[in-house]
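Using the sequences provided together with the hints, build the complete structure.
Listed in order, the protein sequences are those of chains A and B. Numbered per the working numbering, the first sequence spans residues 366 to 474. Numbered per the working numbering, the second sequence spans residues 9 to 883.
Rather than coming from a laboratory, the hints here were simulated on the basis of the structure. Possibly wrong hints are sitting among the right ones.
To be verified - Simulated crosslink set (EDC-like; lysine to aspartate or glutamate; CA at most 16 Å straight-line):
#, chain 1, residue 1, chain 2, residue 2
1, B, K141, B, D306
2, B, K552, B, D306
3, A, K400, B, E522
4, A, K400, B, E46
5, A, K383, A, E454
6, B, K755, B, E522
7, A, K451, A, D378
8, B, K544, B, D734
9, B, K72, A, E454
Here the structure is a predicted model, which means the values were calculated and not measured.
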Amino acid sequence: MSKPTDLVQGTVDLLILKTVALEPVHGWAIAQRIKLVSNDVLILNQNALYPALHRLEEQGWLRSEWGDSENNRRAKYYSLTRAGRKRLEQELAQWRRLSSAIEMVVSTA
Amino acid sequence: MRLLYRMGRRLRSLVRLRAVDAELNEELRFHIERQTAENIAAGMTPDAALRSALLELGGIEQIKEECRDMRRMQWVESSLQDARFAIRTFSKRQGFTLTVLAILALGIGSATAIFSIVNGVLLTALPYRAPAKLVRIYGAWEHGSREGVSPPDFVDYRQRNTTFESLAGASISTPLLNLKAVGDPEQVRSRNITAGFFSTLGIQPLLGREFTLQDEIWKAPPVAILSYGLWQRQYGGRASVVGEHLAINGVSYAVVGVLPPFFNFLGSTDLFTPIQYNPVPGIRSARILIVIGRLKSDLPSAQSELDVLSRRLQTEYSQFDRGWSAVAAPLTDEVVKDVRVGLKMLLAAIALVILLVSASIASMMLSHAASRQSEISMRMALGASRARLIRQLITEGLLLALFGGVGGCVVGYFGVELIKQFGPVDIPRLSDARIDTIALAFTFMLSVLVGLGVSLEPALRAGRADIAYELKAGSRTVTGRFRLRDVLVLSEITVSVVLLVGAGLLIRSLILLENVNPGFQANNVLTTRLALPGSKYSDGIGAKVTAFWHDAIRNIEAIPGVQSAAVTSELPLSGLNNPSPRTATADGGEPHHVYLRSVSPGYWNVMRIPLLAGRYLSTDDHKTSRRVVVINEELRKDIFGDRDPIGQRLTFDFQERNETENYQAVVVGIAGDVHHTSLAAAPFREAYLPMDQSPLFSYDLVVRTTINPKSIASDLRHAIWSLDRDESVGTLRTLDDVVGLDLAQPKFRGYVLAAFAAMALVLSASSLYGLLSFLVAQRRREIGVRMALGAMPADIFRLIVGKGLRLALGGLLAGLVLAFALARFMHTLVYGIGSGDPVTFVAGSLVLLIVAVLASYVPARRAVNLNPVDVLRTE
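Shown next as structure tokens:
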């Protein structure tokens with residue numbers, strides 16, 4: 366399995382939070398959606414996905430519940446907590462600051 | 009809320025590790041299935057699709073492990089971080105930290121020590137089966153005294169009752185006997201018991217059997233049961249001991265059983281023998297048995313049956329049992345009765361001390377937090393979350409409390425040892441007391457509670473902190489915090505007043521007790537108890553024992569340094585009392601209860617008990633001369649009133665052996681009253697019979713010396729051994745020690761409470777001092793402005809001292825009310841004064857006020873000495 370892009374460190378959280386923010390979603394779909402939306406550029410390694418999900422839940426950003434999936438199998442759905450939503454905003458703001466800063470450095474240099 | 013949610017999750021992952029793991033499995037399995045399905049849809053064969061899915065996921069076990077780590081490490085890591093930070097903070101403020109730790113260690117330590125003692129003595133259930141079903145049955149005289157039950161009465165109760173599973177009896181007295189078994193000869197404490205005594209208590213003999221009804225028969229073959237300790241000492245724990253013989257006072261007894269270790273019934277006993285009583289009619293008035301019973305159902309129904317049975321006995325044996333009924337009381341209460349009030353008081357005191365320690369630490373933490381406010385605000389400004397800060401502060405509080413708790417365990421351990429060493433010897437089961445797991449758990453919980461309690465306020469405050477406001481230099485308004493500190497200091501003072509008054513009452517009682525004239529002179533008297541074997545000295549008329557005692561007294565008086573020697577059947581304050589009082593009746597008068605003593609003629613001379621009228625007993629009062637008696641002042645007042653008792657006849661309710669008439673004696677003298685049972689108890693009616701006319705096998709020897717009484721100990725032993733080499737002489741004590749022992753318990757209570765009160769006073773004074781110093785420091789600018797505007801130093805002084813005194817007076821008032829309410833519960837511990845003793849209350853208030861003024865004076869001086877110019881320039 367090739368890794369088209371190594372994810373910038375610390376952006377996994379942002380990607381997960383952002384993906385989960387729309388609607389409750391299970392682990393497989395999170396990876397799938399990130400891949401889809403990024404046009405196959407961002408491929409979230411499963412090795413990183415599940416520990417990250419568990420950590421985010423542990424930190425109280427995410428909550429999880431079991432529900433029926435599209436093919437009638439029980440799956441673990443993640444959704445954002447209120448604290449998670451705040452966290453997402455912070456991470457987003459930080460990301461925008463960081464990326465625009467990098468953009469500025471890269472384009473002026 | 010999030011904290012709670014996370015706590016819940018964490019708890020879940022701890023408690024339901026397996027379930028959480030299963031969920032993880034399920035989650036990953038779903039992922040693989042889903043991916044496989046996707047791959048198939050993309051055109052792979054099912055096999056290849058699964059393989060690809062697995063490959064993509066990577067090592068499943070590795071992921072699972074990582075997920076688990078994520079849950080665990082998060083918490084542990086940040087906790088460690090908190091702890092590290094807390095320790096760094098503490099090491100920066102060593103003075104503060106050490107003070108807090110010292111207060112905590114002392115507070116928790118003394119709490120643990122007292123709790124261990126109380127737990128050992130009061131809370132640990134008796135090692136008997138179903139102790140709640142056990143009762144003790146007294147013979148109760150209609151005129152108020154509670155005594156034992158006579159053996160024939162006991163047998164009648166045993167046969168006729170229907171409400172008890174079983175009844176059993178044990179002798180009240182535990183005479184010392186001379187034992188010769190396999191090991192060294194020794195004096196052992198013995199008790200006579202009835203059949204079924206141990207099964208009633210629910211104790212199984214370790215070896216052999218307990219006594220049966222056959223063993224109770226008069227003149228049945230003598231048998232004995234050994235305590236575990238005696239068995240170990242004499243036989244080295246040899247199992248084949250049952251069936252062997254040993255010699256008790258020269259008579260051979262067969263060993264039929266051995267008891268399990270730690271058996272204890274109203275004091276420890278080495279040896280048990282069956283009670284075998286001579287079935288003569290008069291024995292019915294010998295109320296020598298402690299009767300215990302195991303209830304079938306409840307106490308009231310048993311009591312009403314006892315009422316019926318005792319009324320029947322009163323009519324059947326009116327000569328002996330008139331006026332005597334039977335009263336049952338729970339045994340658990342009985343065994344620890346005397347010390348229970350004292351121990352409960354100590355428990356209450358310790359609760360107060362803990363309260364005080366927490367309050368004083370809380371107030372220290374408040375000023376600690378106040379001085380850290382800017383640090384905390386800074387951290388919040390830098391993005392630390394409130395939850396994180398609150399956790400940090402709670403961690404600090406808990407850490408302090410835990411270290412304090414560890415210190416407390418150490419202090420508690422030495423405290424228990426100290427109390428065992430120097431505490432009163434007559435607290436039942438004190439020797440068993442130790443820091444046990446319950447006490448440890450208690451300490452731990454206590455420290456956690458204290459930790460949470462004291463960290464609560466600063467943590468909440470940090471949670472509310474308004475960063476900008478707090479960071480602004482010069483903002484000095486801290487009213488909220490001051491109000492809380494006021495309340496804390498006020499409650500500390502309240503608690504101090506309660507402890508101060510309690511200690512005052514006990515100490516005053518103690519001083520009064522120490523000044524009680526026991527009725528005899530205790531200095532320079534040596535005493536020991538001697539018991540003669542019946543086998544060797546029994547001759548039916550008492551001539552052999554009388555001769556022995558006279559010879560012993562003569563030999564001892566020949567020792568250089570000895571002034572005089574005598575014997576008495578029961579030494580005052582020795583814990584021995586004639587178990588069954590007799591009645592004495594003057595001609596034409598009412599019967600009165602009296603305690604009989606048998607003494608040798610020199611007794612009053614040795615004890616220096618004053619003669620009030622008539623004469624002492626003399627050597628002329630021998631076996632065949634007219635029967636005489638010396639009475640004490642109490643008896644004279646109650647029986648003779650205004651009449652002159654000398655030459656009057658008293659009739660007692662017992663007969664001499666081989667006689668049918670009741671014993672009569674003529675009063676020849678009146679002696680001063682003696683405090684016999686304790687210094688705190690009023691003297692009771694006593695009648696002294698001459699030893700020659702009422703000889704006994706065992707006596708307390710009293711020897712008055714002109715030199716240090718202990719120095720004649722070995723001479724005294726040889727004086728006895730020159731008469732009978734086999735006679736064992738027990739511990740020799742001075743009469744001063746005997747009297748001192750009577751004061752041991754009140755001393756223990758008084759000193760412990762006094763120590764608590766002193767601790768309370770120091771703590772609350774330093775809290776008050778701390779509060780006022782803080783106040784002065786915080787209000788420097790205000791004070792400076794006031795002085796610049798013309799306030800006199802006296803005004804400033806009044807401002808600060810007034811604040812201190814207002815707090816002190818408030819606390820004092822609350823404390824006095826509380827103390828007055830609580831003191832009523834300890835009225836049985838107070839001697840010679842009422843529990844609302846005005847002297848104590850006034851003195852306690854004065855002490856508190858003086859300390860409060862002193863604690864306010866120094867900060868007030870500091871305020872007065874402020875230079876307004878300096879203050880206004882720096883602020």
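How the hints compare with the structure:
For the given pair, K141(B) sits about 8 Å from D306(B) by alpha-carbon distance, which is consistent with the 16 Å threshold. Straight-line distance between C-alpha atoms of K552(B) and D306(B) comes to about 51 Å, which puts the hinted pair past the 16 Å bound. Annotation: proposed proximity of K400(A) to E522(B) is violated, straight-line Cα distance about 93 Å (limit 16 Å). For the hint linking K400(A) to E46(B), the alpha-carbon distance of about 14 Å falls within 16 Å, and the restraint holds.
Simply put, K383(A) and E454(A) have alpha-carbon atoms about 9 Å apart, close enough for the 16 Å limit, and the pair holds. At most 16 Å may separate the alpha-carbon atoms for a hinted pair to count; K755(B) and E522(B) meet this at roughly 10 Å. Distance check on the hinted pair: K451(A) and D378(A) sit about 13 Å apart at the alpha-carbon level, within 16 Å; holds. Between K544(B) and D734(B) the CA atoms are separated by roughly 11 Å; this keeps the pair inside 16 Å, and the hint holds.
Of the pairs offered as hints, the one joining K72(B) and E454(A) is violated, with about 29 Å between alpha carbons and a cut-off of 16 Å exceeded.
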